[in-house]
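Undergrad: Sequence:
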Amino acid sequence: MDKFEIVKSQVKILDVVGRYARCSPIKKGRLLYICSPFSSKDSTPSCQIFVETDSFRCFSSGYSGDAISFVSRIYNIKNIAAAEMIARDFNIDIGEGKKENQKAVALEKQQLDTKEKTKKLLNSISLVYSNLCDKYRGYENAIREIGFTLAPNDWLLKEMLLARNRLEILLENFIDANVEGKLKLILLEEKTQCQKQIHLK
Numbered sequence: 012m013d014k015f016e017i018v019k020s021q022v023k024i025l026d027v028v029g030r031y032a033r034c035s036p037i038k039k040g041r042l043l044y045i046c047s048p049f050s051s052k053d054s055t056p057s058c059q060i061f062v063e064t065d066s067f068r069c070f071s072s073g074y075s076g077d078a079i080s081f082v083s084r085i086y087n088i089k090n091i092a093a094a095e096m097i098a099r100d101f102n103i104d105i106g107e108g109k110k111e112n113q114k115a116v117a118l119e120k121q122q123l124d125t126k127e128k129t130k131k132l133l134n135s136i137s138l139v140y141s142n143l144c145d146k147y148r149g150y151e152n153a154i155r156e157i158g159f160t161l162a163p164n165d166w167l168l169k170e171m172l173l174a175r176n177r178l179e180i181l182l183e184n185f186i187d188a189n190v191e192g193k194l195k196l197i198l199l200e201e202k203t204q205c206q207k208q209i210h211l212k
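Under the working numbering, the letters of the sequence shown match residues 12 to 212, in that order.
Treat the hints as calculated values from the structure; they're not laboratory data.
Ideal placement from N, C-alpha and C gives every residue a C-beta, glycine not left out.
Errors might be hidden in some of the hints.
[Said to hold, decoys possible] Label pairs and their in silico Cβ distance ranges:
hint : residue 1 : residue 2 : range
1    : L132      : R33       : 53 to 59 Å
2    : T129      : Y86       : 41 to 47 Å
3    : L123      : G73       : 52 to 58 Å
4    : Y86       : D124      : 35 to 41 Å
5    : S75       : L123      : 49 to 55 Å
Using the sequences and the hints, build the whole thing.
TA: Now the structure itself:
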């Protein structure tokens, strides 16, 4: 059974009229009428409801059809959208629930993956930041110890002071940067370390 058949088998035209046209049919003999929900010019009921065939015919607008086309005409939507709307409003299972569950499971898995990647990234950032702080403290201590014994123009002191200044700038930028900026700083630091190792060899 397709969506249309499922909806039509479980919802009657009178249910749809009551819910979406928000009116009660008027009985004229054996026939039921409502004012046309499709035309604002209808002052007297001209939309006939056929209970036996679950259909309608509107003399004011010329529209006719079943419960699904009734909703389709009222909201100016396609029949498939009307069938899905009726199914949702009347709690009819037309197979959408399975798709929704699959989407929800996939979304939850994606969110967990993203959280895990973010956690690893933050751990990596934290480790680099900790290493930078340790290097900075090491330079500070070494400068204090060596600074008293070396002349101010000594090359080792100059190198250590330059390294300390570079680390200070790096630490300030690292603290102020967003995650993308932190990643760039990590890559820059790794590149600098590789270049130093190549230069020393």
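Undergrad: Run every hint past the structure and note whether it holds.
TA: Quick rundown of the hints versus the structure:
Against the hinted window of 53 to 59 Å, the Cβ-Cβ separation of L132 and R33 comes to about 54 Å, which satisfies the hint. Taken as a hint, the range 41 to 47 Å holds for the pair T129 and Y86, whose Cβ atoms sit roughly 42 Å apart. As the Cβ distance of L123 to G73 is approximately 55 Å, the hint placing it in 52 to 58 Å holds. At about 39 Å, the CB distance of Y86 to D124 agrees with the hint of 35 to 41 Å.
Against the hinted window of 49 to 55 Å, the Cβ-Cβ separation of S75 and L123 comes to about 52 Å, which satisfies the hint.
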